[in-house]
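Student: Go ahead and model the full structure; you've got the sequences and the hints to work with.
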Amino acid sequence: MSRMRHLPRSLPLSLTVGLLGLTLALTGCTSNGAPDAPASSTPEQTSSTPSAPSAPTEQRVTVSAMGDMLPHQAVNAEAKTTGGYDYGRYFDAIRPIYQSSDLVFCNEEVLASATSPAQITTYPRFRAPTQFAESLSRDVGCNDINLANNHMADYEQADIDRTRDTWDALRPKLIAGANRSSEEQRTIAYTEINGMKIAQLAFTAQSNMGHTTFGLNTTDGPLMDEQLTEARKQADIVIVSMHWGTEDSTATDAPQRELTQKLVNAGADVVIGTGPHVLQPAEFIDRPDGGRTLVWNSLGNMLSTQVPVNNRTGGIAQWQLVRTGDGPVTVEQATFTPTFMDFVARGVSLGARHGLRILPMSQADERVRSEFPGESADSRYAFVQKTVGDQVQVVR
Numbered sequence: 000m001s002r003m004r005h006l007p008r009s010l011p012l013s014l015t016v017g018l019l020g021l022t023l024a025l026t027g028c029t030s031n032g033a034p035d036a037p038a039s040s041t042p043e044q045t046s047s048t049p050s051a052p053s054a055p056t057e058q059r060v061t062v063s064a065m066g067d068m069l070p071h072q073a074v075n076a077e078a079k080t081t082g083g084y085d086y087g088r089y090f091d092a093i094r095p096i097y098q099s100s101d102l103v104f105c106n107e108e109v110l111a112s113a114t115s116p117a118q119i120t121t122y123p124r125f126r127a128p129t130q131f132a133e134s135l136s137r138d139v140g141c142n143d144i145n146l147a148n149n150h151m152a153d154y155e156q157a158d159i160d161r162t163r164d165t166w167d168a169l170r171p172k173l174i175a176g177a178n179r180s181s182e183e184q185r186t187i188a189y190t191e192i193n194g195m196k197i198a199q200l201a202f203t204a205q206s207n208m209g210h211t212t213f214g215l216n217t218t219d220g221p222l223m224d225e226q227l228t229e230a231r232k233q234a235d236i237v238i239v240s241m242h243w244g245t246e247d248s249t250a251t252d253a254p255q256r257e258l259t260q261k262l263v264n265a266g267a268d269v270v271i272g273t274g275p276h277v278l279q280p281a282e283f284i285d286r287p288d289g290g291r292t293l294v295w296n297s298l299g300n301m302l303s304t305q306v307p308v309n310n311r312t313g314g315i316a317q318w319q320l321v322r323t324g325d326g327p328v329t330v331e332q333a334t335f336t337p338t339f340m341d342f343v344a345r346g347v348s349l350g351a352r353h354g355l356r357i358l359p360m361s362q363a364d365e366r367v368r369s370e371f372p373g374e375s376a377d378s379r380y381a382f383v384q385k386t387v388g389d390q391v392q393v394v395r
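Numbered by numbering that gives the first Met the number 0, the letters in the sequence shown go through residues 0 to 395 in order.
Among the clues, some could well be false.
Unchecked claim - 25 Å max Cα-Cα, derived SDA-like pairs, lysine to any residue: (1) K232 / Y189; (2) K261 / Y189; (3) K79 / A117; (4) K261 / F213; (5) K232 / I284; (6) K196 / N264; (7) K232 / T190; (8) K385 / I284; (9) K196 / G140; (10) K232 / G324; (11) K261 / E225; (12) K79 / S348; (13) K172 / D160; (14) K172 / T228; (15) K385 / G373; (16) K196 / L222; (17) K385 / E246; (18) K232 / E182; (19) K79 / D164; (20) K196 / K261; (21) K261 / I187; (22) K196 / D167.
Read the hints as simulated data drawn from the structure, not as lab findings.
Tutor: Below is the structure:
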């Protein structure tokens with residue numbers, strides 16, 4: 000006897016929708032009815048554009064340098080204040096030219112060791128108050144100090160000691176040239192700025208008086224060669240201060256040129272010349288190692304009361320130390336901004352000078368004409384350009 004077959008009941012709507020979705024998924028259908036691409040057995044590759052390499056970083060150090068600082072009688076007298084001395088007032092008009100520099104080189108051409116007015120002396124043997132060094136640091140902004148010069152040995156070793164003691168308290172970035180001991184003389188001054196290690200050496204070819212073997216760095220003997228060799232090994236940049244030359248001569252002499260070649264051959268990067276009290280040529284000289292040495296043969300006077308117009312024409316030398324990436328440090332953008340040492344001279348005495356100030360030559364035309372008939376700021380610029388030469392830019 001056959002049995003009757005029963006038709007299945009209708010499925011609930013929710014279950015029907017679910018089964019439909021499962022069917023679509025298993026059959027690979029998409030919402031638009033097109034089949035999916037077959038799955039790949041390899042991972043999907045993503046394409047990207049390589050990023051451009053970053054430019055090497057550039058580091059710079061700005062250096063400014065000024066010439067001889069000679070506190071004659073009137074310089075000390077007009078710097079006197081109620082509480083001491085302020086030599087910085089003489090630099091007010093030119094300070095904006097150099098105040099942003101990382102290093103400011105100054106040639107302190109005198110002992111700064113007098114602790115009472117009775118001890119202060121001027122030409123021909125100089126002994127300035129200890130406040131001279133303090134004011135050069137605090138008010139002028141000097142932080143790279145040269146003490147290798149003829150007047151540094153005008154008195155006793157104790158005066159050199161006191162001068163160095165004074166500077167110790169002021170903590171300049173670099174100081175060289177005069178010493179309290181043999182150990183200090185052998186110690187090279189280094190500083191690091193923006194990742195560059197800079198050495199400062201200082202020597203004099205002239206000395207007024209006798210001194211200890213260690214008190215003053217001179218160009219004779221083995222010290223200069225030894226320190227040049229050591230500094231070249233240790234530093235990225237070697238700056239050498241040289242007190243040399245013939246006074247009042249705008250031309251270099253034979254001993255200068257001989258010493259210059261010696262410094263170039265040893266790898267000095269910058270040579271700063273002082274001593275002649277007038278300007279001399281500036282030049283770049285190729286070195287055997289492939290580098291170049293910037294030589295300022297003489298920066299002339301910066302602060303003094305010497306009367307002749309060439310003695311009163313000085314300036315601020317400036318240059319950049321540049322390193323790109325891990326490359327060598329190069330010396331670039333050498334410039335010279337002329338200045339005029341302004342004062343009114345009343346009589347022949349070095350004390351008969353009034354109204355002392357240092358002016359940018361661009362602001363000194365009236366005063367130059369007043370003091371020196373036939374001269375002008377333009378004639379002084381022409382003198383500077385002819386003397387310094389065309390290897391550095393003379394800034395007007």
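Student: For every hint, state whether the structure bears it out.
Tutor: Here's how the hints hold up against the structure:
1. Distance restraint check for K232 and Y189: the Cα-Cα separation of roughly 12 Å lies within the 25 Å cut-off, and the hinted pair is therefore satisfied.
2. Restraint check for K261 and Y189: satisfied, since their Cα atoms lie roughly 22 Å apart, inside the 25 Å limit.
3. Proximity of K79 to A117 is assessed by CA-CA distance (about 14 Å); at most 25 Å being required, the pair is judged to hold.
4. At most 25 Å may separate the alpha-carbon atoms for a hinted pair to count; K261 and F213 meet this at roughly 22 Å.
5. Pair hint K232 plus I284 holds up; C-alpha atoms about 20 Å apart against a cutoff of 25 Å.
6. With a C-alpha separation of about 20 Å, the suggested pair K196 and N264 falls inside the 25 Å cut-off, and the hint holds.
7. For the given pair, K232 sits about 15 Å from T190 by alpha-carbon distance, which is consistent with the 25 Å threshold.
8. Restraint check for K385 and I284: the C-alpha separation of about 19 Å stays at or below 25 Å, so the hint holds.
9. Between K196 and G140 the alpha-carbon distance is near 21 Å, which keeps this suggested pair within the 25 Å criterion.
10. Between K232 and G324 the CA atoms are separated by roughly 20 Å; this keeps the pair inside 25 Å, and the hint holds.
11. Using a Cα cut-off of 25 Å, the hinted pair K261 and E225 holds, with the two alpha carbons roughly 12 Å apart.
12. Proximity of K79 to S348 is assessed by CA-CA distance (about 19 Å); at most 25 Å being required, the pair is judged to hold.
13. Of the pairs offered as hints, the one joining K172 and D160 holds, with about 19 Å between alpha carbons and a cut-off of 25 Å not exceeded.
14. For a cut-off of 25 Å, the pair hint linking K172 to T228 stands: about 22 Å separates their Cα positions.
15. For a cut-off of 25 Å, the pair hint linking K385 to G373 stands: about 18 Å separates their Cα positions.
16. Straight-line distance between C-alpha atoms of K196 and L222 comes to about 21 Å, which keeps the hinted pair within the 25 Å bound.
17. Among the hinted pairs, K385 with E246 is consistent with the structure: their alpha-carbon atoms are about 18 Å apart, no more than 25 Å.
18. Taking the CA atoms of K232 and E182, the gap is near 20 Å; set against the 25 Å cutoff, the hint holds.
19. Between K79 and D164 the alpha-carbon distance is near 22 Å, which keeps this suggested pair within the 25 Å criterion.
20. For the suggested pair K196 and K261, the alpha carbons sit about 22 Å apart, so the restraint of at most 25 Å is met.
21. In summary, the hint linking K261 to I187 is supported, as the alpha carbons are separated by about 19 Å, within the 25 Å threshold.
22. With a C-alpha separation of about 21 Å, the suggested pair K196 and D167 falls inside the 25 Å cut-off, and the hint holds.
Checked against the numbered hints listed earlier, the structure breaks none of them; every hint is satisfied.
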